[in-house]
Amino acid sequence: MKPRVLVLAVGALLTIPVIVFLAIGLRHDPHQIDSPLIGKPAPPFALADLEGNVVRLEDLRGTPVLLNFWATYCVPCVAEHKTFMTGERVLGERLRLLGVIYHDETSLIRRFLEQRGEWGRTLVDPGSQVAIAYGVYGVPETYLIDAEGIVIDKITWPLVTPEHLFAWLGQHGLAR
Amino acid sequence: MISYLGQGLVLLALVVCAVGAPVGFVAGARRSPEGLRLARGLALAFAALMVLANLAMEWALLTHDFSVKYVALVGSTATPTHITIVSLWSSLEGSILFWGLVLGLYTAGVAILQRRGHEDYLAYTLGTILAVGVFFTYLIAGPADPFGLLDPAPADGPGPNPLLQNHALMIVHPPMLYLGYVGMTVPFAMAVAALLRGQLGPTWLRPLRNWLLVPTAFLTMGVMLGGWWSYEVLGWGGYWAWDPVENASFLPWLTAIAAVHSAIVLQRRGTLKAWTVILVMITFLLTILGTFLTRSGVVNSVHSFTQSPIGPVFLAFLGVAMIAVVVLLAMRVDTLTTEPARETLVAREGAFLLNNLLFVAFMLTVLVGTLFPIAAEAVRGTKVSVGEPWFNRMSVPISFGLLLLIGIGPALPWGRSDGAALRRALLWPLPAALAALGLTWLLGGRAGPVLLTGALAGYALWVTVDHGLRPTRTRMKKGEGPAQAFGTSFRRAPRLIGGYLTHFGVIVTFVAIAVSSSFQTSGEGVLSLGSGSLAVGGYELTLDDVGVVEEPHRTVRQAEVAVARGGRTLGTLAPSLNHYDTQREPIGTPAVRTSLTHDLYLTLMNVRGDGTVGLRAIVTPAVLWIWIGVFIMTAGTGLCLLSPRPARVPAVSRAAALDGAEAAS
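Protein chains in written order, with the working numbering: chain G, 14 to 189; chain B, 1089 to 1753.
Since the hints were made in silico from the structure, they are not lab data.
Heads up, a few of these hints could be off.
Derived contacts from chain B toward chain G, CB cut-off under 10 angstroms, selection only [unchecked claim]:
id	residue
1	Leu1201
2	Phe1380
3	Leu1381
4	Val1413
5	Leu1417
6	Glu1465
7	Thr1682
8	Ser1683
Over 12 angstroms on every C-beta distance to chain B, these chain G residues come out as not near it, computed from the model [as the list claims (entries may be wrong)]:
id	residue
9	Thr28
10	Asp62
11	Pro77
12	Val91
13	Leu104
14	Leu108
15	Ile165
Positions of the beta carbon are idealized from the N, C-alpha and C atoms, including for glycine.
The task is simple: from the sequences and hints, build the whole structure.
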């Protein structure tokens, strides 16, 4: 083989795969940890709130549900707390908000809610059974479940401001 | 106002580059002095515009002009002024603008300093640099525009990434890395110029070596400072994790070092032409690939600023550059293949060749490990990382090979030599290797790799000192005093001394890495106020205080840990956990007590409401010597840039003496 052809062949062999793989790689978001639940029915649960009243997920069919896992030791959750209070006020009955306590003590939660106000329903998750069913690995983590009970999205970053919340809901056609 | 000014300057720079690149190429092809003058003028104009655009951005940052998009993104009235100044490179758009500044400065450097001594190539060189400039000014003008106008302007911004505000090293690491990364454009442009010209003459090689050494020295510092920063700030107790962003800085460094060595052989023996040119070109491509990997969001790392629009543009540029390189190499393959037959491989040139092979093997190892997750995702849809074991398994033997070469390479004579001379040259440092082996054993080294490091380092150290001081010794034998002998030898051949000083730094760093990674001890424990203590590596740690500090953007939980050794109190260390509103996981700030022999490194794992803390303590020997070794390497590389000053000799033999002194180094 002529040296010129050899250089071209070797060059093409090295160049093309690199470019192709990188081009494909560019279409994936490495920050996104996909949940296998997306597009599937949300794992059902029945959890009691701080007053002992049980909330069943199935009972909420017909309204989209925002399911947020949080704790008092989670600093971003403090910012999210305000977001959800605003969100609830704005959205009213159009979206149900559920907060599930993740590895925290109810006494601390009570004090936190007394100081900062409440939103939605705050649910106690004994033994983290629901968190395990949803594959939660940290807080905050937020799931969006549509009116038919299908999980449509999961985010692992905090909704720091109401704008973040409305933008996220907007992506799924749920904003104002 | 500044918004329009900045955009105007950048657009003008784009026009200047777009005109300057073809002007350079045409002037090169026609060997036109007027064309070259025009290309030089445009190169200087490009540099000036980049300086002005960066000054405009600094002005906007310092005056908190939040109508400028980038200022609204990274600025904040609460940020201290020195952080505001360096926030120019704290996020994507600003760092690309800063890239433009560095490229501009290098361009001006070439246009001014290579006015003479590079005439045959300069027009092509400038044309190529400006062609690269077209891409970067386009990025700044369009996809990564930092000067975008925000109307209405927000009243305040969030401030730069909190991680980057934590340590002074963040102020120096990025500029060093950029000076290294961007500087590789110059040797690349010179390689392109040589291929276009169809010859690799001495007025090409000498500038190439210098313009290769400068960014290589900066890159060495940049890579080290990045590791140091990660050690001081990220809190996992290590300095290197084969993270994609670390690999991105390491890949071009490997090929740049190989290219530097290759150029020595080319200068001395006229061989390794293809090696030198290709290594220089690959180095540049790797800087672009590295920037693409870390800035586009293809891989997740400290440096990827989310999915950014520059990814596709960068990939397109990388593709065009790769294709251009391949086509150019194919067109000019005859320029590179006229090498004289190799005399022998058992000689210094053989060691250089092996050195190149090892560095390229190292680069490919790291490249495969870095790209594998992306390739796996492209093929199978899931990201699979090869992880640290792969990198360590592959890099350790290659590193040993390189340490061996630092020893035997300089010991070998150039060209063909008889067996007895070879044996003498190679066996002479052997007692040093055995002595170092014994010393390692006495100091407690028992594991195979540690003993091997000791022996190889001893051998290499002996050869390095012996060869580095050989001219001095020759002069001393003639009756000169040691200081005078060294001074004269240094002036005659600063590059020789610089080269061996660099090798000395490599040996120091190598040994420090081996020791620090082999003899680490660590412990974890839960401490509460007034009770419980943690004993690690001879230290006793007790908890003095736990405090919570509320700052505007974060909550800092800090523990004051009393450090004692042998019953004697040494002071307190205060590791902390920082909770940022915008980040889910807290970021730990370790506290480090550094000494010449070892570091005590404390990180907090958690702080509970009842005042107990989970503490992790790591005692690592010799860490400081890793950084010291790199400083020595950089100083040595700096010396290699000095021109030898020949003795007073008749004018006729002056040039010959100069060549000889240069070749010797």
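Consistency of the hints with the structure:
{"no.": "1", "hint": "Leu1201", "in the structure": "violated (32 angstroms)"}
{"no.": "2", "hint": "Phe1380", "in the structure": "holds (7 angstroms)"}
{"no.": "3", "hint": "Leu1381", "in the structure": "holds (8 angstroms)"}
{"no.": "4", "hint": "Val1413", "in the structure": "holds (7 angstroms)"}
{"no.": "5", "hint": "Leu1417", "in the structure": "holds (5 angstroms)"}
{"no.": "6", "hint": "Glu1465", "in the structure": "holds (6 angstroms)"}
{"no.": "7", "hint": "Thr1682", "in the structure": "violated (30 angstroms)"}
{"no.": "8", "hint": "Ser1683", "in the structure": "violated (35 angstroms)"}
{"no.": "9", "hint": "Thr28", "in the structure": "violated (4 angstroms)"}
{"no.": "10", "hint": "Asp62", "in the structure": "holds (23 angstroms)"}
{"no.": "11", "hint": "Pro77", "in the structure": "holds (24 angstroms)"}
{"no.": "12", "hint": "Val91", "in the structure": "violated (7 angstroms)"}
{"no.": "13", "hint": "Leu104", "in the structure": "holds (23 angstroms)"}
{"no.": "14", "hint": "Leu108", "in the structure": "holds (23 angstroms)"}
{"no.": "15", "hint": "Ile165", "in the structure": "holds (20 angstroms)"}
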